[in-house]
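K.L.:
Listed below, chain by chain, are the residues.
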Amino acid sequence: MRARVLLALFVMTLMIGQEARAQSETDSLKEVVQTLREKLDGVGENLNTLNSDAGILKYLKVSGYLQARYEYIDTVLGGTAPNSNSNFYIRRGRIKFTFQPGTSSKYVIYFDASKNTVSLKEAYVELYKRFRQNNFALTVGQQNWPFGYEIEYSSSKRDFPERSNAENFLFNGERDRGINLTWALPKYLQFNVGAFQGYGINDATFTWFDPTKQKDIIARAKAKLGMVDLGVSGYWGKKTIAGSAAVAGTTTWFDANGDGIMQATEIKTTPAKAAVAASEYNKRRYGVDAQAYFDMLPVGGSAVRTEFYYGDDYSSSASDKMATGKGFYFWLSQTLGKKFAAAARYDFWDPNVHGDYTDNSLKKKDDATGTMSLAVHYFWDSWVRITAAYDMPRLLKDGSLVSKSPYDPKDNRFTLQFQFTI
Amino acid sequence: MKSTTLAKLMAILFAVVATTLLCTVGIQAAGKTTITLKGSDTMLPLGQRWAEAYMAQNPNVVIQVTGGGSGVGIAALINGSTDICEASRSIKPAEIDKLKERFNSPGVEIAVARDGLSVYLNEQNPVTELNMAQLKAIYTGEITNWKEIGGPDAKIILYGRENSSGTYSFFKDNVLMGEDFAAQTQTLPGTAAIVNAVAKDKNGIGYGGAAYAKGVRDCKIKKDDKSTGYLPTEENIKAGTYPLSRYLFWYLTSKPTGDIKKLVNYALSETGQKIVREVGYFPVK
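First to last, the protein sequences are chains A and B.
Every letter in the first sequence is one number past the one before it in our numbering, and letter 121, counting from 1, is 121.
Every letter in the second sequence is one number past the one before it in our numbering, and letter 11, counting from 1, is 11.
For the record, the hints were derived by calculation from the structure and aren't laboratory data.
Errors might be hidden in some of the hints.
[As the list claims (entries may be wrong)] So, partial list: chain B residues that the calculated Cβ filter (under 7 Å) puts toward chain A: (1) G80; (2) S81; (3) E129; (4) S254.
No residue lacks a Cβ here, since even glycine has one placed at the ideal position from N, Cα and C.
All chains should be modelled from the sequences, with the hints used to inform the complete structure.
P.N.:
Next comes the structure, spelled out in structure tokens:
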């Protein structure tokens, strides 16, 4: 009996001890959990702060592309001119920063580092407003001219190394400073109307100011009709030609025979020149463009793109100080699976339809050019495109002393381009 | 155009391209074909189920399915890194323009399933239905307390998707009518994360695919305050009475051919559409 009581007491003591130890362990665990919870809350708060700080980076988008190029131009060797027909160079090194914190506004700044210079390509603020199915955008700053198809078509996507000759002549630089209002029914129609300085970013004379009071006006309408897109564009502006100040007449004597006597043959008289006032000329461009897409071949999509330009501008060499140019291109493009694509383009440009250039001591010089271009692309991966292109320009008309017409100078161009796009 | 050397060079180049193209086609024909699907997180479980079932029947085909959001999938389609883009919203005109530039094609859209975009509430939440105007006011931050819409006096906690998500775009276009989400909306990476957050938060509200609504309650949606509220059921979606129904799409760069065409046909077949229903979405036919 006594032994049983002692055993029961021993077991009870043991149980109480274990319970006390378990209680102690539970309390200890609770403390650990509480400490961990506090630490976790602290980490959570830090994470929220970090998310808030880093969240702003979500609005920033960096894009761009680099075109490293080898170019060989076929020329007649010899003579005194330096032979620079074979070159490696950077054609375009673009980087664009876009900051869009919401759906109501956007900031864009876009640089180009190529050849030996860094330049500002685009810098604008864009405001958006949506009203039912209508999207409105107001773009203010340095931006693309809202004209035609080629200008807005990125050089990183184009099949050929350069845009058409007509575009290069009439819209050199593709960009200008101004304001542009876009109204879009996104799936079907888009209208643009803008007011611009008119000189473009590549103009050497007027780098940032516009000597004409009136702004140049551009309007464009574009319709999307399923597999076909159509566009019409117009441009109405002025160009100022700087005048010159009056020059007083002068009389100078040079004592040619050293006898100290002024003789009639030693006197030189320069007549006075009257001041020439600055003058303004109309600058107009019109364009129509169409793109059609076909999905008939098993290797991928096919596209036909065409555009017609007509415009007049001041010409220092035209007899009536105005030259009217016209041009068009016809561009076929074929996707060949996921890795390849091929394209061909015929590009016509006549810089002076009326043929009244009088420069180069040639009369009625009128060098219309027709350029056939071929290109093949290999898509190395999602970022790299390798392009081989071959341009074959021909002079179609030459009203000068050159007897051959069409005349084909030795100026074909081969381009091998490696492009990385981010 | 007088340059026989350069002309020969170009001829050689074209020959190399043609040969490489033919070799590529030949290699693909000889080995296993890999098809990639990328895009909508909403469609991820559906894409995975289709892939598993199709690969079981076609051992020579490997299908890789990844999410990231409809926007990510469309970007991948444009840069050529996926064969098929899964999207829970329609492709945007600007994205079509990019496809035209890269692939000379506006792309091909194939509706593969239907979905009712669910509005998730916590199971303890007494609110049972909302109209479209209320939903917009909640997500634009005009209504911030549940008591304003017949619930308890508690702050509404908003959960939403990231802006690369098609569900985000659909909700923004069709509920917010293009307006911005309230700044206090907590963005979460995927519908599963939203469902999880609302399931744990009695004051939470979220949105996403109907197939994910486990552990949360679907809210009835009314077109306006006078109309009847409907749940995102197959019957209501087919009848067009549920205001937030949408198609789920596959996008391709051009008309499908070969193995991709077979996969598309499978997804649209009776078996493929049965999988749609099993996953929790609704068949297109």
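K.L.:
Which numbered conditions among the earlier hints are violated in the structure presented, ordered from lowest to highest?
P.N.:
Hint check: 3 fails alone, others pass.
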